[in-house]
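Enquirer: Each chain, letter by letter, is given below.
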Amino acid sequence: MKKNTHNAFLFDAFRCIDCRACMVACSVENKIPMDKTRIWVAGVGLKGEFPSLERASMVYHCMHCNAPDCLSACPVGAYSQRPDGPVVYDPKKCIGCRYCMNACPFGVPHFDYDKGLIDGAFIDKCTLCTQRIDIGLEPACVATCPTDALTFGERSDLLKQAHGRIQAHPDRYVDHVYGETENGGTSYLILSQVPFGELGLPALPSRPVKEVSEEVMGFTIPFALGLGTVLTAVAAGVHLYNQKKEADTLKLETSEPQTEETI
Amino acid sequence: MKLQITLHPRLHLKPLVVILLSLMGIAFVIAMLRYANGIGAVSNLSNSYPWAFWISFDLFTGVAISSGAFLMAAVVYIFELKEFRPLVRPSVLTGFLGYMMVVIALLVDLGHPERIWYMMIHWNHTSVLLEIGICVMSYLAVLAIEFAPVVFEGLKWQKFAHFIHRFIMPFVILGVVLSTLHQSSLGSLLLIQPTKLYPLWWTPILPILFFISAVTIGLSMIILESSLSSRYFHRGLEIHLLEKLARVIPVVLAIYLVIKFSQLTIAGDLKYLFTGGLMSVLFLAEILIGAVIPIFLFSIKRIRQSAKGLLLGAVVLLLGMILNRFNVSWFAVQHPDPLSYMPAFMSNVHYLPSLPEVLVSMGIFSAGILAFGLAVKYLPVFEHEEEGRKTTS
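Protein chains in written order, with the numbering used here: chain A, 1 to 263; chain B, 264 to 656.
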């Protein structure tokens, strides 16, 4: 059994027939109720006029970014990234602040709004089926896909495959593999026959979204120490200056008792 | 209306107190429902809107309006401008209660309120929210220490009061550092959503803008709280001091405007000023109400020197700047449009706060006002007034 160094999915929107078997498979495998699946299919609806009708659909789940924003944002480190790709969430640490939901540019993590304190409300998202890939199986959604719209494997191999499909059918696909560079690269790669924006995918730069935030955070400690030092110096300076001034006026008053009258 | 609570011979409460207590009661019941049945049971928060009214009002507004405490502590203790001493205690009290309200509100908003202390043991050093959590917790402790002498004086434990007073300087400096950090970091919270926050607001210098506007909010809050408490507690108003604070505001606001518009020009985002529809309107409203009008108002000597003028200027500025906090943390955060079909858990993409959601915040705010009233009644919060007058005369 050969293990991948960087596990990834490839989704081909052209092959997707919108059967949603992946949603059912995910639900069963991960024991998640259907109304809260970690995977969901969305479509752009019908386009064109009869008889030349067209429609496109897209399977969404966690993109497993190379530079995950959820992981960067989580205050208590409930997220971690395995060296072989999957970004996973630990409910034992989560405080329920939902900052990861804001941070994720794809709107992936979702929260149990219907659970009280006793049930425990947690974040949930795709885990890349780590329990399956660790024993050499494909993720449940991939294993069940009837048209091979979803495939699983080594990220570099899948990228080659994807570019190969574009080259073989340049008239069919948009000439870009979404996820190759977006947000610093993701482990979910997407091929599409319609512009990616129409599938609801945000236009993202190759520079990871989290970088600005992390750079600013890097200033925190030096800035705090610097400001503390400056304030201490200012406080001491002002205090000494005021003391000296007070002493001077006191001296002036005692040596020349008439000054106050002359003023 | 005078705030007056007499527990003897019979429980006699003024109407304002009755209203505040009822709001607190309602909020308590709603909070219990939320703990039993989940956040969705009382609020309209959803997977599309994980943060909205609670975070904008309780966290962003709550922290901003508490910034008077560190400003006054810095002015009086670090710069030794002793004439402002009468303003220190009320603003430290406002700050302490403000941050208490933030923490209480977070205990309703967090999915796992019983784990709030995890922020002290599990540190993810790249998280802006962690920095804010640590700063707010530590600063709450600093404010408690800064306010402790007032409590001890009230209890006639002069020795303790003097003891703390002698070692106050390190805490004042720590408080100013912590405040500078988290007032600006509230802006940094939004840096991780460059694709979601509208370009009129998203900029890497958000933390700087947040700090500068927090200064103007803090100064205005001191004016507002002095004006209101002088009215309700029938005490003198330190107009000569407030006028000096009001004189600073236009300068700070001018710096804010210059930085904000230079940033928009450099980023090439000026085009959104009039082409963004609702977003442009919100932005222009916040700039106009929060900065431009207050600059004019506080530049006029006659307005600065009248109690009504000061109050007007402070209220206008606060409305505009609070709109800014709401814009940045809620109104201007774009959410993905729903495609033609979505599973149920992704469906609530349109958001308006629910009534219970607003009532929770109102209840917590009422508790803060009531606590302020009680503290002023039983503790020497305004005691230093006479002393301050003496030093200035």
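Any given hint might turn out to be false.
Claimed, not checked - Covered stretches of chain B (chain A as the covering partner; in silico rule of three or more C-beta atoms under 8 angstroms from a C-beta of chain A):
1) 384 to 391
2) 455 to 461
As the list claims (entries may be wrong) - Lysine to aspartate or glutamate pairs mimicking DMTMM-like chemistry, simulated, CA-CA at most 25 angstroms apart:
3) Lys-36/A with Asp-112/A
4) Lys-244/A with Glu-377/B
5) Lys-31/A with Asp-18/A
6) Lys-251/A with Glu-343/B
7) Lys-31/A with Asp-90/A
8) Lys-459/B with Glu-215/A
9) Lys-345/B with Glu-29/A
10) Lys-93/A with Glu-377/B
11) Lys-507/B with Glu-246/A
12) Lys-564/B with Glu-377/B
13) Lys-115/A with Glu-346/B
14) Lys-92/A with Glu-377/B
15) Lys-459/B with Asp-84/A
16) Lys-115/A with Glu-214/A
17) Lys-115/A with Glu-180/A
18) Lys-459/B with Asp-124/A
19) Lys-36/A with Asp-124/A
20) Lys-345/B with Glu-253/A
21) Lys-251/A with Glu-377/B
22) Lys-3/A with Asp-119/A
23) Lys-31/A with Asp-84/A
24) Lys-36/A with Glu-138/A
It is worth saying that the hints were derived from the structure and are not from the lab. Cβ coordinates follow ideal geometry from the N, Cα and C atoms, glycine included.
Enquirer: Are Lys-459/B and Asp-124/A close enough, with their CA atoms no more than 25 angstroms apart?
Expert: This hinted pair holds, its Cα atoms lying about 21 angstroms apart.
Enquirer: Sort out whether Glu-343/B lies within 25 angstroms of Lys-251/A, counting only the CA atoms.
Expert: Holds - the C-alpha atoms of Glu-343/B and Lys-251/A are around 22 angstroms apart, at most 25 angstroms.
Enquirer: With a cut-off of 25 angstroms on the C-alpha distance, tell me whether Lys-31/A and Asp-18/A pass.
Expert: It holds: about 22 angstroms lies between the C-alpha atoms, which stays within 25 angstroms.
Enquirer: Please verify the coverage claim for the region 455 to 461 of chain B: does it have three or more residues whose C-beta sits within 8 angstroms of some C-beta in chain A?
Expert: holds (count 5)
Enquirer: Check the hint pairing Lys-36/A with Asp-124/A against an upper bound of 25 angstroms on the C-alpha distance.
Expert: Between Lys-36/A and Asp-124/A the Cα gap is close to 9 angstroms, so the pair holds against 25 angstroms.
Enquirer: Take the C-alpha atoms of Lys-93/A and Glu-377/B, compute the straight-line distance between them, and say whether it is at most 25 angstroms.
Expert: holds, 12 angstroms
Enquirer: Holds or violated: Lys-459/B with Asp-84/A, Cα cutoff 25 angstroms?
Expert: Given that 25 angstroms is the threshold and the Cα spacing comes to 29 angstroms, the pair is violated.
Enquirer: Mind checking the alpha carbons of Lys-36/A and Asp-112/A for me, to see if they're no more than 25 angstroms apart?
Expert: Given pair Lys-36/A, Asp-112/A holds - Cα atoms ~9 angstroms apart, limit 25 angstroms.
Enquirer: Holds or violated: Lys-507/B with Glu-246/A, Cα cutoff 25 angstroms?
Expert: It holds: about 24 angstroms lies between the C-alpha atoms, which stays within 25 angstroms.
Enquirer: Starting from Lys-345/B, check that the Cα of Glu-29/A is at most 25 angstroms away, please.
Expert: violated, 69 angstroms
Enquirer: Are Lys-564/B and Glu-377/B close enough, with their CA atoms no more than 25 angstroms apart?
Expert: violated, 51 angstroms
Enquirer: Is the coverage entry for the region 384 to 391 of chain B by chain A consistent with the three-residue Cβ rule at 8 angstroms?
Expert: Answer holds; 7 residues pass the 8 angstroms Cβ test.
Hint compliance for this structure: hints 4, 9, 12, 13, 15, 16, 17, 21 and 22 are broken, all remaining hints hold.
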